[in-house]
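Just so you know, the protein sequences line up as chains V and D, in that order.
To convert, note that position 71 of the first sequence is 71 in the working numbering; the numbers rise steadily by one, no gaps.
Count along the second sequence starting at 1, add 112, and that's the number in the working numbering.
Treat the hints as calculated values from the structure; they're not laboratory data.
Incorrect hints may have been included.
[Said to hold, decoys possible] No more than 25 Å apart at the CA atoms, straight line, and that leaves these computed lysine to any residue pairs for SDA-like:
hint, chain 1, residue 1, chain 2, residue 2
1, V, K56, D, I172
2, V, K42, D, Q118
3, V, K68, D, H185
4, V, K71, D, K121
5, V, K68, D, D210
6, D, K121, D, I172
For reference, the chains in residue letters:
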Amino acid sequence: GESVGLHLPTLSVQEGDNSIINCAYSNSASDYFIWYKQESGKGPQFIIDIRSNMDKRQGQRVTVLLNKTVKHLSLQIAATQPGDSAVYFCAESVPGYSTLTFGKGTMLLVSP
Amino acid sequence: DSGVTQTPKHLITATGQRVTLRCSPRSGDLSVYWYQQSLDQGLQFLIQYYNGEERAKGNILERFSAQQFPDLHSELNLSSLELGDSALYFCASSGYPDPGTAQYFGPGTRLTVL
Numbered sequence: 001g002e003s004v005g006l007h008l009p010t011l012s013v014q015e016g017d018n019s020i021i022n023c024a025y026s027n028s029a030s031d032y033f034i035w036y037k038q039e040s041g042k043g044p045q046f047i048i049d050i051r052s053n054m055d056k057r058q059g060q061r062v063t064v065l066l067n068k069t070v071k072h073l074s075l076q077i078a079a080t081q082p083g084d085s086a087v088y089f090c091a092e093s094v095p096g097y098s099t100l101t102f103g104k105g106t107m108l109l110v111s112p
Numbered sequence: 113d114s115g116v117t118q119t120p121k122h123l124i125t126a127t128g129q130r131v132t133l134r135c136s137p138r139s140g141d142l143s144v145y146w147y148q149q150s151l152d153q154g155l156q157f158l159i160q161y162y163n164g165e166e167r168a169k170g171n172i173l174e175r176f177s178a179q180q181f182p183d184l185h186s187e188l189n190l191s192s193l194e195l196g197d198s199a200l201y202f203c204a205s206s207g208y209p210d211p212g213t214a215q216y217f218g219p220g221t222r223l224t225v226l
């Protein structure tokens, strides 16, 4: 039969806007989180990470916010550019688990 | 560029065949992870090696196997291929054995089984 692609939520923004991509993680014991960017046909690219003893971490044009109370992670991209168009997904690490757990992702579309 | 290399970039083969995918981790990284990414499944963890030893297993089929060599490169062997094995296969590397550190991904191998 025909394979059905993942139905990813999509965020459409204009160039120059700030973008906020959200991720609800699953395990309250998770102690490490990563954001990845994946362009079509390419491998996931590390953007930024944060440990659970922090609430916020900033990189170049990106900020990750962690709200452990509601198990929510967000990625803020400042002055979004067309080159930021990609799928963004978060991953979490739970102590004792053998690997990262990856979310399904959000597609970011940036219009010039 | 993550520093992780994978070959080949594309592979087209027939059902029932066997293929080998190769991965070289970033310089100094001892951990290699293999993932499968298909349209309807997202990124699925297959197996991890750390310094030559199998460290963790995920949703890896019995038809699939992997190894990590003394020079730390890794190979993923896929045998008795089926149409459903068509996917992108990624390896990732990190410097530590536990998953609570950043993993850096290679560009992937796109496998098409006809």
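Here is what the structure says about each hint:
no.	hint	in the structure
1	V:K56 <-> D:I172	violated (35 Å)
2	V:K42 <-> D:Q118	holds (12 Å)
3	V:K68 <-> D:H185	violated (37 Å)
4	V:K71 <-> D:K121	violated (37 Å)
5	V:K68 <-> D:D210	holds (22 Å)
6	D:K121 <-> D:I172	holds (21 Å)
Hint check: violations occur at hints 1, 3 and 4; the rest are consistent with the structure.
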